[in-house]
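Q: Spelled out from the first residue to the last, the chains are:
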Amino acid sequence: MKLCGRPPNSRSGGTDRRHERQGTTMNQQLLPTAVVGSYSVPEWLERIATDYFQRRISADTLHQIQDVAIKAAVKDQELAGIDVITDGELRRDNMVDHFAVRLAGVEIDRRQKAYYFDYYEAVARHALPQAPLGLSDEFLFARRITDHEVKFCITGPHTLAKRIGDEWYHDERAFARDLARVLNAELRTLVANGATFLQVDEPYLSGFPDDLDWMVDVWNALLEGVDARTGLHICYGNRYGKPSWEGSYRYLFPRILAVQVDQLLLEFARKGTDDLVLFQEFPNQFELGMGVVDVKDDRVETPAEIAARIRQGLEIVPAERLWLNPDCGLRHLAPDVAYAKLEALAQGAALVREELAGRRAEER
Amino acid sequence: MLLQLNYLKNHQAVDAGPLLSALCQAVEQSAVDPGRLAVPLDWVQYRKNFRPPIEPRRYFLPDGSADAAHELAIDVRRLQDEDVAAALRRGLAYLAGAGAADEAPLVLEEFCRPSQSVIWAFNRTFWQHLSAWEHVFQKGFLAALPGGVSDGTNPAFWRDRLTAFLDTLDDLDRRSLVPEEIYVLELGVGGGQQARVWLDTFRDLCAERGRDYLRRVRYLMSDYSHDVLHAARRNVAEYDQQVSCLNVDAADPLHALSFLRYKVLFIHSCNLYDNLPADEIARRDGRVYEVQVRAYLPQAAVEAIGDRYSLERAELPSTIQRFLRIGPEYFDEVATGVGFWAAVWDALRLEQRYVLLEDPEGYRVAPGVSGVRLGDLLRDYPGDVRLHLPTVALQSFVNTLPLLHPRGMFQVQDLFVTDLEQYRGTFRGPGKMDGSIVNWLNGPLFRLVGAHLGYTVNIEPFARYRAKSNTAVLTTSQRD
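Protein chains in written order, with numbering that gives the first Met the number 0: chain A, 0 to 363; chain B, 0 to 479.
Chain B with its partners taken away, still in its complex shape (with noise of 0.2 Å):
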C-alpha cells in the first residue's frame, strides 16, 4: 500500500494514528491487493466541494477494461464526523467489485471529462440567475471570497498598472501611433467594481500628466451573463461615452470582437478564468491517466430533497435538468427554486475515475490549443502528480491574445499555481464557492502556451499589494 501524504492544513501534524489503524485492518480484511493500492491522505480546504470524505478511485485501461491499479482518497479534514471503519470497508469493498462506493446514489451523468461535466451547467446558472441567488441569501458573491474583498479593485495596483499603460500610449504617441480609439477589454465583470476602478484610475492619472486619452476609451465590458452585465453596468454609469457591454463567451471572445484583431491596447480578467471548466490528469508509477468524473447525488442528499420539494427520486434528474435549462422561474416561487438549487449544489458530488493515456507525449493540452502538447509540460516533472489542465482558461487565453495590440496589455488576476511542485503541496480543486466552481489554474502550462503564440507570461504573486492574498497576476510581454 502507497501512502501519499498530499496536503496538511498550513503544514501543520495531523494525528492519523487511529485513521492508519483502520485503514490497515480494513486493507487486511479488503480482497484488494495492497500492492496496488494508494492511499492519498489530503485536507481539503473548500468547506464545500464535490468529494465525499473518502472516496475510491478505479484505473482503467483505454478499452474499457479495469487496471490493476486502486486509489482511496481521503479527506482527513472531514472523518471527524464519519463512521471511518466503515466507509473505508465500502470504499474497498468497490474497488475489489464488490459493492458500491456509495449507497443507492442518484447518478446524473455517464463518466466524462470534469470540464464536460454537468457541474459546469449548475456553474452557468449561477452566473446567469446571480440576481436571484443573491436575493434570496441577502449576500452577493464577494462574500463568498476569502475575507470577502476582491483583489481586482486593490487601488494601489491599478494605479501602477495603468502608470505603465499609459507610459505605452505615451511612448506609441511619440511614434503618432496611437489608434483613434483606444480599446480595453474586460472579460467577466463581476459587479462592475473593477471597471470602475480602472476608468476612475485612468481619468486620474491622464489628469495628472494632462493627456486627453479618456475621451478616446472604448471600455468593453464583457460576459456571458445579461444578468451580470445589466448590474455591473449600473456602477460605471457616470462613463455612459466610453462604456459598452457585449455578450462574449469567454472561451472564444475572438468570435465575437474579431472586428477588434489586434486592436485592444488593454485587456483583463479578474477571478474568470478559474471559475471555468478545468480537466485533470494523473501519473502514477510512470504511466499517464486521464481523469474522469460522473455528478451523483447521495443518498441522503436525495432523500432530503425529495421530501422537501416533493419529489419522487426517478423525477430528480429530469427536474434538475429542466432547472438548469430555465433557472429558478422553474419552480412557481422563485425562492423555491433557488431553495432547490442550493440543496442540490450542496449535495451535488463527483464520482472519479482514472483512464490510461494510450499516447501521453503528443495528448493535447486542450481542444483548439496547438503547439504545446502534455509531454512537454510533464518532461521536466518526474514522479508521481496528479494537475490541473485549465482546458477552457486556456482555450479562452489563446482565443484572446490575438485582440491584443502589438504594444498592448494583457493581464489575468486569478489563483495560479506558478510551478507544478505546488500540486503536491495544496488541494487545488474543484470547490464550491456559493453557486460558482474554483480551479486553481496551471501556471506553468500557461507560460508554455503563452511561448509557443509568441508572448513570454510573467506570473507575480500578489502579495505585493495584500499580504495575505492567495491571488497572483498574469501578464504578457511579446516574445522578441
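Only chain A is shown next, with the shape it has when bound in the complex (with noise of 0.2 Å):
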C-alpha cells in the first residue's frame, strides 16, 4: 500500500507533539491529492438504490451492484491520478442514514423512502450502547481492491446530532458527545483493521457557528487515542451539489485550534480563497487539505487554473502541510465530469510539484 505524505506528527494546532507513528512506508511525495469521501453516483445506481428503498429490488442484489460500483469508483481515482482514494462512498443512501441505521439505540420507523437520497426520521430513543457499527467490512472492501492508501470518512457527531431527532438526552451537547464515545471505538476498530487515514465530516456546522464552542471537545473525544492520520472536513453544504450556507471560515479561528487533529479539509475553489489568510493570521501545525476543485459547478477546471489555486495556498501554507482535494464529495457530478475534475486536479498538483521540484533544484 502507498501511504502518501510526511507521517502525522503533530495533531494540534498548538505545538503538543502528540502523536507519532512507527513502521510505515511513507510515500515522501509533495502535495498529496486525495478525494474528500464520494465519488459520483451514476444516475443508474440511484434508480437501483431508489429500487431497493421502495422494495423492488432485494439487499443482496443491491449489495452486488455497490460492489461492482465501487470497484469501478475506485478504478476511476487511481486513472485520475489521485494518490489518496476512498470506495466513493457509493454504499451510503446519504451521509446520516448510513450511520443512523447502524447506531444501536437509535430507532427508525418507517424504512421506505420514497428516493433513495432522502433521510430517515431516525430518532435515539435510548442511551447509545457501546456497540460496532460494522464500518470495517467497508474499509476492508476497498482496500484489498487497490494498492494506493485509502481514506475512510465518517459522519461527524455534530452533523448527526443535527439531523438525528433526539427523544432521549434532551441535550444536543450531551448526545453529540456520547456519538463521539460510540464513533471513537467505530475510529480505533478501523484502526485496528488497517486504516491508516481517517476523516470526520462535518457539514452542518457552518451553519450553527456558536456550537464550535462545546465541539472542540467532542472532537477531541472522538479521536482521542485514533491512531492514524486524522482529517476533521468543514464545509458550506454539499447536500444535493448545494450549499446549505454562505460566509467565511473566520468564525472557525482561534477556537478550532485546540481540535487535536491532524489535518483541516476546507473548501477554496467555489468560495475563493480569502480565507486561506486565516492560516497565516492564526499560526498552526495543521496540515492543509485544500479544497481546489469546485464539486458544485459542472465545469471541469483546467489543470492550470487548478495550479493557480494550489500557488496561493504555498503562499500560506508549507507544502509539506498541504493536501489537495476537491472542495467536497463528488457525489452529486455526473460520473464523467467527476473523473475529469479529478485529473484536472492530479495534473494540477503535478504542474505544480514540477514548479517546486524545480525550485528546490535550483536553491540547492
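No wet-lab data here; the hints were simulated from the structure. Since the model is a prediction, treat every value here as computed from it, not as a measurement. Please note that the accuracy of each hint is not assured.
Sample of chain B residues at the chain A side, in silico, Cβ under 7 Å [what the hints assert, rightly or not]:
#: 1; residue: LEU176
#: 2; residue: TYR308
#: 3; residue: PRO405
#: 4; residue: GLY453
#: 5; residue: ASP479
Pair by pair, the computed Cβ-Cβ distance ranges are [to be verified]:
#: 6; chain 1: B; residue 1: ALA206; chain 2: A; residue 2: ALA71; range: 38 to 48 Å
#: 7; chain 1: B; residue 1: LEU245; chain 2: A; residue 2: TYR114; range: 29 to 39 Å
#: 8; chain 1: A; residue 1: ARG110; chain 2: B; residue 2: ALA236; range: 51 to 61 Å
#: 9; chain 1: A; residue 1: ASP273; chain 2: B; residue 2: GLY367; range: 56 to 66 Å
#: 10; chain 1: A; residue 1: ASP273; chain 2: B; residue 2: ASP170; range: 21 to 31 Å
#: 11; chain 1: B; residue 1: ARG208; chain 2: A; residue 2: GLU120; range: 27 to 37 Å
#: 12; chain 1: A; residue 1: ILE315; chain 2: B; residue 2: LEU245; range: 46 to 56 Å
#: 13; chain 1: B; residue 1: THR455; chain 2: A; residue 2: GLU166; range: 17 to 27 Å
#: 14; chain 1: B; residue 1: SER257; chain 2: A; residue 2: TYR114; range: 43 to 53 Å
Note that beta-carbon positions come from the ideal geometry of N, C-alpha and C, so glycine has one too.
Could you fit the two chains together into a complex? Lean on the hints.
A: Quick look at the structure:
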C-alpha cells in the first residue's frame, strides 16, 4: 500500500507533539492529492438504490451492484491519478442514514423511502450503547482492491446530532458527546483493521457557528487514541450538490486550534481563497486539505486553474503541510465530470510539484 | 370510434347532436377504420390559437411509417361558421391518405417538436419589437391579459412575500451572515411594474422595521429584449442606485450570471415561463407519442395577405423569414410591417402529428435536465392523456436555481397545472396572446425536477389574493 505525505507528527494547532506513528513506509511525495469522500453516483445507481428502498430489489442485489460500482469508482480515482482514494461512499444512501441505521439506540420507524437520498426520520430513544457499527468491512473491501492509500470518512457527531432526532438526551451536547464515544470505538476498530487515514465530516457546523464552543471537546473525545492520520472536513454543505450556507471560515478561528486533529479539509475553490489568510493570522501546525476543485459547478477546471489555486495555498501553507482535494464529495457530479475534475486535480498538482522541484533544485 | 369529451366551457353542457350525426355519417363514408379513430371534442378557450376547428392528426412509427391510429380533433367552440360536414369529410380523407388536411396550405417548416417551431420566432419578435406593436395598436401588452391586470403587482401578495424575505434577512443577520450586497434577480421584466412594486414594498417594510437593507440591494432586471428592458427601466428610475439591467437568456440565466452562483437572495418571475417554448407528449392505448408540428398558413390567408401586401404566394415564406430576422423595419413603414406581422400571426396554424416514442420510460423531459425521465412522471398516472413538457421553462428552472443563495427565495407567478388530471379538463395551450404564445406549465413535472435538485416545490393558487385569478405561485424550499 502506498501512503502519502509526511507522517502525521502533530495533532493540534498548538505545539504539543501528540502522536507519531512508526513502521509505515511513507510515500514522501509533496502535495498529495485525495478525494474528500464520495465519488459520483451515476443516475442508474440512484435508480437502483431507490428501487431497493421501494422494495423492488433485495438488499443482496443492491450490495452486489454496489460492489461493482465501488470497483469502478476506485479504478476511476486511480486512473485519474489521485494518491489517496476512498470507496466513493457508494454504499451510503446519504451521510446520515448510513450511520443512523448502524447506531444501536437509534430507531427508525419507517424504512421505506420515496427516493434513496431522502433522510429517514431517525430518533435516539435510548442511551447509545457501546456497540460496533461494522464499518471496517467497507474499508477492507476498498483496501483489497487497490494499492493506493485508502481514506475512510465518517459523519461527525455534530452533524449526526443535528439530524437524528433526540428523544432521550434532550440535550444536543450530551447527545453529540455520546455519539463521539461510540464513534471513537469505531475509529479505533478501523485502525486495528489497517486504516491509516480517517476523516470526520461536519457539513452542518457552518450554519451553527456558536456550536464550535462545545464541539472542540467533542471532536477531541472522538479522536482520542485514534492512531492514524486524522482529518476534519468542515464545509458549507453539499446536500444535492448545493451549499446550505454561505459565509467565511473566520468563525472557526482561533477556537479550532484546540482540536487534536492532523488535517483540516476546507473548501476554497468555489468560495475563493480569501480565507486562506486565516492560516497566517492564526499560526498552527495543521495540514491543510485544500479544496481546489469546485464540486458545485459542472464546468471542469483546467489544470492551470487548479495549479493557480494551489500556488495561492503555498503562499500561506508550507508544501509539506498542504494536501489537495476537491471542495467536498463528488457525489452530485456526473461521472464524466467527476472523473475529469479529478484528472485536472492530479495534473494541476503535478504542475506545481514540478515547479517546486525546480525551485528546490536551484536552491541546492 | 373513440369519442373523447375533453374540454367544456365552464363545465356546461354542449349540444353535440348535429355534430355527432355529421361525424358518424362522414366516418361511415370514409376509408378510415373507426376502430382506430379517436375524436377528441375540445372547447378551446383561447379565441386566437393555432388550430383549425377540425383537425386531422396522423400517427407515425419512429421509422416514419404510418401507425394505424388516427385522430380527428374538433374545437366545438368554433363550429358555427364552418361547413362541418365538408370539413369532417376533408379531415377523414386526409387521414385515409386521400387528400390534404387543408386546401393548399402554405407550409412554413418541416415537422418538428413544438418548441422548435417557427412560432417561437414570432414570439421572440413580439418582445423584441414590443414598442412598435404597442404603438401601432395603441394598447399595452398587459391589456391582453384576462381582466387587463397582472397578478404580478398585487400589493397584498408582495407585502406577504417581502415580509417573509425580511424575516429571512433578519435571521441571517442574527448569524452575521447577511452578505454585503443583497442580490435580487427578476427574470423577464415586462413593463417594470413588478420591479417597482418590489422596491416600493421592500422600502416601506424596511422603514417599518427600522432596517437598512435597501441600501445593499442590487436589483437585477433581466430580459432578452433590449426594447423591454429600456422601457421597464423608466418605471424604476428613482431606484437608480439599486437597479441594473442585464440582457439574459431566460433559458440559461446561469450563463450570463455565473458570477452570482449561490449569491442571489431573491429570484422571481411573472408570466415568463408560460411564454417559453414547450413540447407535448400524448399517451394513447398504452403507447406514448411525441407531438410534432409544422406551421402553415391556410390558403385563404395566403391570398388575403398576398393581395394586401402585393406578395406572390412563392414570395411569402422568404418574406416572413426576413421579417423575423429584421423586424417590422423590414418594411418601409413600420406600421406596414406591424400590419403584415399581425396578419401572418393571426392566420398562423400548426399541423400536428404523433410520432411513437421507442423508450418513453427513459425519455428526457427536457434537454439538459437530468435525473428525471418521462417514466417518472407517467408512472402513477394511467390512461390516455396529452400533456405539456415545458421544455425551456424547465431548462430555465434548472439553470436559475444554482444562482439562489442557500437561504434565498425563489418564486414564479404563472399558469400552472397542479395535477395531471387537469390536462383532461381544460385546454392548456398553446394559445395566442396578442403577438405572444401562452402554454400552461406542467406543475407536477416541476415538482419532480425540483426534488431531484434538492428543492421542495410548492405551487399555490393565487386566488387567495384575487378570487378569479388563474395564476399560481411556485416557490421552492430546500429539501433536507
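Q: Holds or violated: the 51 to 61 Å window for the beta-carbon distance between ARG110(A) and ALA236(B)?
A: holds (59 Å)
Q: Between the beta carbons of ASP273(A) and ASP170(B), is the distance compatible with 21 to 31 Å?
A: holds (24 Å)
Q: Note whether the CB distance of THR455(B) and GLU166(A) lies within 17 to 27 Å or breaks it.
A: holds (25 Å)
Q: With chain A as the partner, please determine if TYR308(B) meets the hint condition of a C-beta pair closer than 7 Å.
A: This hint is violated: TYR308(B) lies away from chain A, its Cβ roughly 48 Å from the closest one there, beyond 7 Å.
Q: Is the hinted range of 29 to 39 Å satisfied by the C-beta distance from LEU245(B) to TYR114(A)?
A: With a Cβ separation near 35 Å, LEU245(B) and TYR114(A) satisfy 29 to 39 Å, so the hint holds.
Q: Is the shortest C-beta separation between ASP479(B) and chain A less than 7 Å?
A: It holds, given that the least Cβ distance between ASP479(B) and chain A is near 6 Å, below 7 Å.
Q: Cβ-Cβ distance between ALA206(B) and ALA71(A): within 38 to 48 Å?
A: violated (59 Å)
Q: Holds or violated: PRO405(B) as interface residue toward chain A, Cβ cutoff 7 Å?
A: holds (5 Å)
Q: Kindly confirm whether 56 to 66 Å is satisfied by the beta carbon distance between ASP273(A) and GLY367(B).
A: Given about 32 Å between the Cβ atoms, the range is violated.
Q: Measuring from the C-beta of GLY453(B) to each C-beta in chain A, is the shortest one below 7 Å?
A: holds (2 Å)
Q: Is the distance from the Cβ of ILE315(A) to the Cβ of LEU245(B) consistent with 46 to 56 Å?
A: This hint is violated: roughly 36 Å between Cβ atoms.
Q: How does the Cβ-Cβ distance of SER257(B) and TYR114(A) compare with 43 to 53 Å: does it lie in that range?
A: Once the Cβ atoms are compared, 28 Å apart, the range 43 to 53 Å for TYR114(A) and SER257(B) is violated.
In this structure, the earlier hints numbered 2, 6, 9, 12 and 14 are contradicted, and the remaining ones agree with it.
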